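Enquirer: Protein chains in written order, with this note's numbering: chain L, 1 to 305; chain C, 1 to 408; chain G, 1 to 528.
There may be inaccurate statements among the hints.
What the hints assert, rightly or not - Take a look, some chain G residues computed to stay more than 12 angstroms from chain L by CB distance:
| hint | residue |
| --- | --- |
| 1 | Val7 |
| 2 | Ser13 |
| 3 | Thr14 |
| 4 | Leu30 |
| 5 | Pro66 |
| 6 | Gly112 |
| 7 | Val113 |
| 8 | Asp139 |
| 9 | Arg140 |
| 10 | Phe145 |
| 11 | Gly149 |
| 12 | Gly171 |
| 13 | Trp241 |
| 14 | Ala439 |
| 15 | Gly490 |
As the list claims (entries may be wrong) - If you want a taste of the chain G side facing chain L, the calculated C-beta under 8 angstroms gives, among others:
| hint | residue |
| --- | --- |
| 16 | Leu105 |
| 17 | Ala109 |
| 18 | Ala111 |
| 19 | Asp114 |
| 20 | Asp115 |
| 21 | Val116 |
| 22 | Asp143 |
| 23 | His148 |
| 24 | Leu150 |
Keep in mind the hints are simulated off the structure, nothing from the lab.
Note that the coordinates shown come from a computational prediction; the quantities given were computed from them, not determined experimentally.
For glycine and all other residues, C-beta sits at the position ideal for the given N, C-alpha and C.
The residues making up each chain are set out below.
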Amino acid sequence: MSIRSTVARATFPWSAPTWPGGIERPPAKRTLGVDYETAWARRYGARLARVVVTETMTRPLAHLLAAPKVDGLDRLEQLDEPVIFAANHASHIDTPLLLSVLPDRWRHRTVVAAGADYFFDRRWKAAFFAFVINAIPIERRRVDRKSAGHAASLLNDGWSLLIFPEGGRTPDGWGQGHQPGAAWLAVRTNRTVVPIYVEGTRRVLPRHGSRVHLATTRVSFGSPIRPDPGSDARDLAVRIEKTLEVLADEQQSDWWTARRRAAAGRTPALTGPVGAKWRRSWALTSGNRTGRGATKTTDPPWPRL
Amino acid sequence: MKALLFERSLPKFAAARVASGWRSGSGARVGPLRLADVEEPELPDSTWHRVRPQLSGICGSDLATIDGRSSRYFEPLVSFPFIPGHEVVGRLDDDARVVLEPVLRCAARGIDPPCPSCAEGRTNLCRNVAFGHLKPGLQTGFCEPTGGGWGGALVAHESQLHRVPDAMSDRAAVMVEPAACALHGALLGAGRSCVGHETAVIIGAGTLGLCTAAAVSRRRPDIETLVVVAKHQEQRRLARELADCTVVEPAELARAVRRRTGSLMLDSGQLTGGASLVFDCVGSSQSLQSALSVVEPGGTIVMLGMPGEVKVDLTGLWQREVTVTGAYAYGVERLGPDETAGARRTFDLSFELVADAGLERLVSALYPLDRYREAIEHAADAGHRGATKVAFDLRRRGPRRSSKEIPA
Amino acid sequence: MPRPGFVLEVDRSTPATLCWHGEGFRLLKLPEGSRILYPPEPVAALKDPDEAIRHALLHPAGDTAPLPALLKPGMKLTIAFDDISLPLPPMERPDNRQRVIEAVLDMAAEAGVDDVVLICALALHRRMTPAELRHALGDRIYDAFAPHGLLKQHDAENPAELVHLGLTDHGEDVEISRRAAESDLLVYVNINLVAMDGGHKSVATGLASYKSLRHHHNVRTMQHSRSFMDQTRSELHSSNWRMGRLIAASGVKIFQIETTLNTDTFPPAFGFLQKREWEWGAKDRASYLAVSKSLDRTPDRLARTIFQSIKAPHKMASVQAGEVEAVHALTTEHVYRQQLVEVDGQSDVVIFGLPYICPYNVNSIMNPILVMCLGLGYFFNLYRGKPLVRPGGVVILSHPTPWAFNTIHHPSYIDFFEEVLADTTDPIEIEKTYEERFATDDWYRHLYRTSYAYHGVHPFYMWYWGAHAMDHAGGVIIVGGDAKAVRRMGFKRASTMRDALEMAEDVVGRDPSITHFHCPPMMIADVH
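Isolated chain L, as found in the complex:
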């Protein structure tokens, strides 16, 4: 008798029992999405392993692909951990890049808020991200009591948090409006928010892109924002968004110009012009005619026979 038929013929108890017809089944336990339990990834063994992975693989790889130029780290010197890092989001490369440019005292003590629907929808994906980038699941579009509460308790336990307030990667290159989660957490835990503006990761790997290109990127750390006692989460969210805009302006022009424009209320919005889709895309690339050279493309010019 072959192994296959042996397995096929195996009955209980050699195989799993079937459920009797008349007995009601208890509801299935949800263990994925926001319900995924990540505590194991913060135990000592997992942390040690992650330090090795981060230092030997994630960091070198991020530096190779994205070649980051970092500024504004001096603004973090007076801070005491834990803090909330709030960054704009354009690419999957953002998280490994940011983790590898964070100063040492935060690098291995930071959890990453990752979309529960995308990163935690399969068991192997959830385990992978929880381990490699220390991800925790979070609802993207609203403040979910469970996931936000969990993040808050981690902040109180001394873990810093990296969060992308836009709730997802930009579809067209322009920024998106902020979700209230980051501000809500800051108010709830009374921790400082550090805004970060990342530029250029879309060139490395855009959303829906299938190939990674080598490119240089810039990461600017902004002045920390401490929530005023008793302040409202919505006000704080607006402040974070504004600070990011000024930071972006500073990166594009210079600090003084950005300051003056901020004072005059003329800081360019990160969300781009209002109008037809093509005009948003057009405005994003104006003054950039790199497309004129022969960009190397590997698409075959015609379908292979």
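Fit chains C and G to the given chain L structure using the hints.
Expert: Same frame as chain L, now just chains C and G:
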């Protein structure tokens, strides 16, 4: 008498199979077929007659047997050692010319009452081909006691004999048996469908394919468009002569059918519509597969060529509810509802077809018995060498032989 | 100062002349007294093409306002452009289309025009692949439009996207793209490689449907276009002009932008291909030998890939914008200035060495039907006045003419070759018996709309393209062609040029006059 004898010998059988893998027809050199001097077969009783073959054709099933490629299915249906040859025109003792209808059914086997198939006249489906007073044997030419066409004499039951009209030459008469096979296949379902505007495809343009083309274009008015797949130049020429049809090369088939039926084509080459009837006159895996890819949903594939073991993906057959039906030999035919005359014997129709279509042109070469190796190799390579039917010429001396029938 | 084209009379000291032969070329020793037509050298390119484009848009020709004045917020703007069939070979980046459309879009963005759609005016040609569109339009345009579905390709088989504008006074249907017809402004961006391109033909053909095209893409029109490189004597153009005027009268506002190219056709590595043989230096001779010897040993497929990857260095030579007819008059002048070569009298025998490319096999295979079309359709018709070959003379084509088809691009060509040409090669008979069935075949329609296939009727047009030449010439010989394929098309095959010339003598008599058309680079024979 001299005869080609096919004996049961496993080593020779294996050798033939190996040799034919290199070159088809080479089974004749190493296989179990040999030229021997044997006793003439005896007449079992007064209803049997002695027939002296004049011309005796080489059929595809003979070649498969000689090359050791025929299915083991036949093993219990033949009796060794037999003399092959079932496409026979011969002379009786009174010098009358006859064509042999080789199926050894109930009547020849002395079984009375006959089996239900024989009772209906569908003698090709006789259920007793291995029983009765004869040894097993589907047909004369696979049965030890009757002898066969590739020998000096054979015995045949009176029900097996058809008189040849005087006007018909020997060459024409030897085509009657293969043409009857083709007719039987071509007429399958003729009574059922009278819709018209149908497209039919014939795959293969050897003897069977060409005869089928001739039969379809003469006996199937319901078929509007006929596409014949022919590999070789000479076959294409003959197909055009014999039938009102479009002749295409194998690689062009799917596109040609697609154009004529206005269907679409999937990336795999499978048509979404296709021909309502496909006659597979080859019987190989490739021919059946291409038949499946060009037959319309709910259509029919008629397998005229002997298939043997084939490997075919039948998913399309299942998904498109395709009917695959065999067409073996001949019996009686019903010619559709309009011809109320009812059933006619296939052989009677075949005599008409051979004369009308001039099928004697398909006999390309005649060989004497002692050059049987050459003959069989020629038959196995007929397409390439521009030949169709190769036959043995067993006629003796001058006076009976007409001057134009010179052996090739 | 570029030298004009001229006619060389072969004498004892004339070196062998280069003759194209598909993916390769040969050196040809012609009998003494034969003539060789050499094309003019490339004219000077525009110094600052972007500035020239801007200038043209701001100072349009004919009765029209400058482009910025035509652009208003809230308007519907459509920009149509030529497809993959132009230019030949495809040009190095940036393509003319990219330069022009970028300038137009900059103005549209400044004016706050939101509703902009780009349409590739491919008529019944195959759709362009994303990589091809990116090459023609540049990354910036492609990335701004394609992801939003605003970069479209004309679909002549989608009734919802077509609109019937009426009949011309000759009873011709005019049916074009609905989006183009219903826009407040239609900007058409042309590359005028030869004198046939552009004018009213751009919109009336490029954005039309089969129903409309069949009025001028037919045997009668082609036989009455003498030639279609000369608008004044081309029935093809008369019909398009009638349609164009009807389109304008129906209220479709067209802003035409036409660009011409100089004939700098091959990159420096292949420089010898556009030099006169007696001026070949040691480097040219060495590269000729290296290239032709290695091509002899290259498999067909690889040779095809190598040649198809050639990007031509041709440069923009002029740009004009504005009202269609005024613009086109200027353009035609520029094309003639670059390409006309004066020739005295016709010849008994004309030799055309056919290159690896024609308008319909960019990134594809030049199948036998396209060989016929390139030789008898295009090269034969590159004349003004009279054909280069006398009536009843012999046309000799040089091309390997393999029995090979690209199954994705040319599905209906295979059927045309297997079924139609097996039956008859007479264009009139073919048009009468087969065109309708191929044009309305659902399968070709499906492939044209969703894959990258030419329309079912396209091989017919190729055959009609040669109708005038087949009618005019007394015989066609293909040197070095595949025997079966050449026979299927009803032509004669010769192994060598010497054999071909001897065979030609059977038709035109002993000691015929011979002319070799030394092309590409492109030229037009002005035959007196």
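Enquirer: Are all C-beta atoms of chain L more than 12 angstroms from that of Phe145(G)?
Expert: 5 angstroms, violated
Enquirer: Taking the shortest Cβ-to-Cβ distance between Gly171(G) and chain L, state whether it exceeds 12 angstroms.
Expert: 39 angstroms, holds
Enquirer: The hint names Ala109(G) as touching chain L; please verify it with the least Cβ-Cβ distance against 8 angstroms.
Expert: 5 angstroms, holds
Enquirer: Please settle this one: Arg140(G) was flagged as non-interface, so is its CB more than 12 angstroms from every CB on chain L?
Expert: Not fine: 4 angstroms to the nearest Cβ puts Arg140(G) too close to chain L.
Enquirer: Holds or violated: is there a CB of chain L closer than 8 angstroms to the CB of Leu150(G)?
Expert: For Leu150(G), the interface hint holds, since the closest Cβ of chain L sits about 5 angstroms away, which is under 8 angstroms.
Enquirer: Measuring from the C-beta of His148(G) to each C-beta in chain L, is the shortest one below 8 angstroms?
Expert: 4 angstroms, holds
Enquirer: Checking a non-interface call: every C-beta of chain L should be farther than 12 angstroms from the C-beta of Leu30(G). Is that right?
Expert: 37 angstroms, holds
Enquirer: Against chain L, does Gly112(G) keep a CB gap of more than 12 angstroms to every residue?
Expert: 7 angstroms, violated
Enquirer: Per the CB criterion, is Val116(G) less than 8 angstroms away from chain L?
Expert: Nearest chain L Cβ about 6 angstroms off; hint holds.
Enquirer: Can we confirm that no CB of chain L comes within 12 angstroms of the CB of Gly490(G)?
Expert: Gly490(G) is indeed farther than 12 angstroms from all Cβ atoms of chain L, at 28 angstroms.
Enquirer: Is the Cβ of Val113(G) farther than 12 angstroms from every Cβ of chain L?
Expert: 8 angstroms, violated
Enquirer: Would the hint on Ala111(G) be counted as holding, given a Cβ-Cβ threshold of 8 angstroms to chain L?
Expert: 11 angstroms, violated
Violation of the numbered hints given earlier is confined to hints 6, 7, 8, 9, 10, 11 and 18; the remaining hints are satisfied by the structure.
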